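Visitor: Here is what each chain is made of, one letter per residue.
Protein chains: 2
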Amino acid sequence: MTARSSTDPARVIPEATVARLPVYLRALTALADTGIRTCSSEDLATAAGVNSAKLRKDLSYLGSYGTRGVGYDVDYLRYQIAREIGVTQDWPVVIVGIGNLGHALANYSGFRSRGFRVVALLDADPSLSGEIVAGVAVRPFDELEAIVHDHDVAIGVIATPASAAQDVADRMVAIGITSILNFAPSVLSVPEGVDVRKVDLSIELQILAYHEQRKANGAEAAAPVAPVADGGAA
Amino acid sequence: MTARSSTDPARVIPEATVARLPVYLRALTALADTGIRTCSSEDLATAAGVNSAKLRKDLSYLGSYGTRGVGYDVDYLRYQIAREIGVTQDWPVVIVGIGNLGHALANYSGFRSRGFRVVALLDADPSLSGEIVAGVAVRPFDELEAIVHDHDVAIGVIATPASAAQDVADRMVAIGITSILNFAPSVLSVPEGVDVRKVDLSIELQILAYHEQRKANGAEAAAPVAPVADGGAA
Chain A
1 MTARSSTDPA
11 RVIPEATVAR
21 LPVYLRALTA
31 LADTGIRTCS
41 SEDLATAAGV
51 NSAKLRKDLS
61 YLGSYGTRGV
71 GYDVDYLRYQ
81 IAREIGVTQD
91 WPVVIVGIGN
101 LGHALANYSG
111 FRSRGFRVVA
121 LLDADPSLSG
131 EIVAGVAVRP
141 FDELEAIVHD
151 HDVAIGVIAT
161 PASAAQDVAD
171 RMVAIGITSI
181 LNFAPSVLSV
191 PEGVDVRKVD
201 LSIELQILAY
211 HEQRKANGAE
221 AAAPVAPVAD
231 GGAA
Chain B
1 MTARSSTDPA
11 RVIPEATVAR
21 LPVYLRALTA
31 LADTGIRTCS
41 SEDLATAAGV
51 NSAKLRKDLS
61 YLGSYGTRGV
71 GYDVDYLRYQ
81 IAREIGVTQD
91 WPVVIVGIGN
101 LGHALANYSG
111 FRSRGFRVVA
121 LLDADPSLSG
131 EIVAGVAVRP
141 FDELEAIVHD
151 HDVAIGVIAT
161 PASAAQDVAD
171 RMVAIGITSI
181 LNFAPSVLSV
191 PEGVDVRKVD
201 LSIELQILAY
211 HEQRKANGAE
221 AAAPVAPVAD
231 GGAA
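Sequence lines, in order, name chains A and B. Counted from 1, the first sequence has number 221 at position 221 by full-length UniProt numbering; the numbering is strictly sequential. Counted from 1, the second sequence has number 125 at position 125 by full-length UniProt numbering; the numbering is strictly sequential.
I should point out that these hints are in silico values taken from the structure, not numbers from a laboratory. Any given hint could turn out to be false.
Any copy will do: because identical chains look the same in the list, a pair fits if it lies in one copy or spans two.
Claimed, not checked - Below, a list of computed lysine-lysine pairs in the DSS-like style, where the Cα atoms sit at most 27 Å apart:
no.	residue 1	residue 2
1	LYS215	LYS198
2	LYS198	LYS54
3	LYS57	LYS215
Because the structure is a prediction, the values reported are computed rather than measured.
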């Protein structure tokens with residue numbers, strides 16, 4: 001595999017900062033789309049939904065400090081963050097499991113615009129083979145190995161039912177995939193050196209529920225409420 | 001609206017802690033599913049992918065400190081967190097936009113198991129009306145107001161194309177929905193007091209790309225690389 005960037009491999013960015021870089025990138029893209037060329041750390045922090053001290057600290061890991069009285073150059077900062085994440089390059093991706101979620105992911109515009117190119121859609125159900133989704137033909141799962149080698153695929157996306165996810169992950173790992181994005185509602189076991197990220201579609205809904213509950217409580221703050229120890233409404 | 005919990009509305013939990021509570025809940029559920037009854041903060045921190053000092057600090061906001069030498073009671077801590085988030089109660093939810101993603105969300109088992117009950121599926125396309133998805137009939141978008149009032153819906157999910165998302169959000173807000181989960185790739189403008197969470201399916205993929213890039217660099221650390229200022233592989 002060829003070197004995928006020139007960043008210093010010895011410089012480690014905290015994981016929490018890594019997780020926020022895509023959010024900054026999205027906010028900068030939104031600013032650029034409205035014609036904004038420079039922004040203060042406060043503007044960018046507001047757009048990204050973080051506090052500005054945290055934003056400045058995060059960007060300092062990239063060697064980005066802005067210019068006093070001017071702020072950050074939007075296009076240059078976008079480039080710096082995209083390069084740091086690695087999305088200035090091309091990432092071939094395979095999606096396994098072409099049910100409703102797999103269809104939705106294949107059609108998702110946000111992958112291609114960030115450098116992720118869906119090179120193959122795979123499904124164990126032979127009746128789906130040959131169906132064209134977002135310009136890509138569905139192929140039998142058995143062809144995974146050939147596809148991964150042909151396209152130098154490093155990232156696999158699992159959108160199968162929970163019951164199939166571990167088998168798919170095992171097969172991916174066996175043929176050299178080292179990063180897996182798991183949409184299936186199951187916990188995957190993988191060897192060291194393989195990164196797995198899990199997307200749980202209910203997490204954001206739970207965060208909304210927390211705030212919704214507080215709004216309901218706030219509106220009734222004057223009313224008597226049972227003490228917590230009684231178990232209350234739950 | 002009735003009070004949805006007995007927690008003290010004056011006690012504010014930091015937003016970053018709120019965002020981790022669903023992750024702890026998921027980890028505790030996984031531990032309980034394997035028959036584990038008590039766990040140390042280190043065990044739970046590992047299962048949730050955070051460091052144990054942060055976990056203990058987060059749980060201290062809930063008044064949970066575990067028992068010295070024993071750790072946390074898994075079932076009781078699950079209950080405490082679920083109550084704090086508000087997912088011990090029933091949250092009626094509507095999903096608007098029943099394309100592939102809407103279908104996938106309607107079928108998603110992780111919503112119902114956390115207290116989110118999909119009471120209606122709505123789409124502007126009249127040809128979809130009457131289709132049954134996961135046991136729920138698709139209804140015309142025009143019926144949103146009646147459904148929200150009948151079921152006391154506080155949370156709306158938008159799974160439409162980007163071009164329709166703001167109109168849907170405006171209509172939701174006008175009829176009293178105060179929390180919106182937005183899957184459309186667009187930024188929504190809503191009045192104060194309405195919470196919007198956005199799910200960006202590419203964020204996790206970008207985090208994987210960052211690590212994948214570092215693995216590629218690490219494997220080639222002995223090879224000469226161009227200095228960052230030259231722009232490198234990007």
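Visitor: Taking the hints in turn, state whether each one holds.
Guide: For each hint, the structure was consulted:
1. Only between protomers do LYS215 and LYS198 lie at most 27 Å apart by alpha-carbon distance; the minimum there is 19 Å, versus 30 Å within a single protomer.
2. In this assembly of identical chains, LYS198 and LYS54 lie within 27 Å of each other by CA distance both inside one copy and across copies; the values are 25 Å within and 21 Å between.
3. Within a single copy, LYS57 and LYS215 get their C-alpha atoms only as close as 32 Å, which misses the 27 Å cut-off; across copies the closest is 25 Å, which meets it.
Taken one by one, the earlier hints all hold for this structure without exception.
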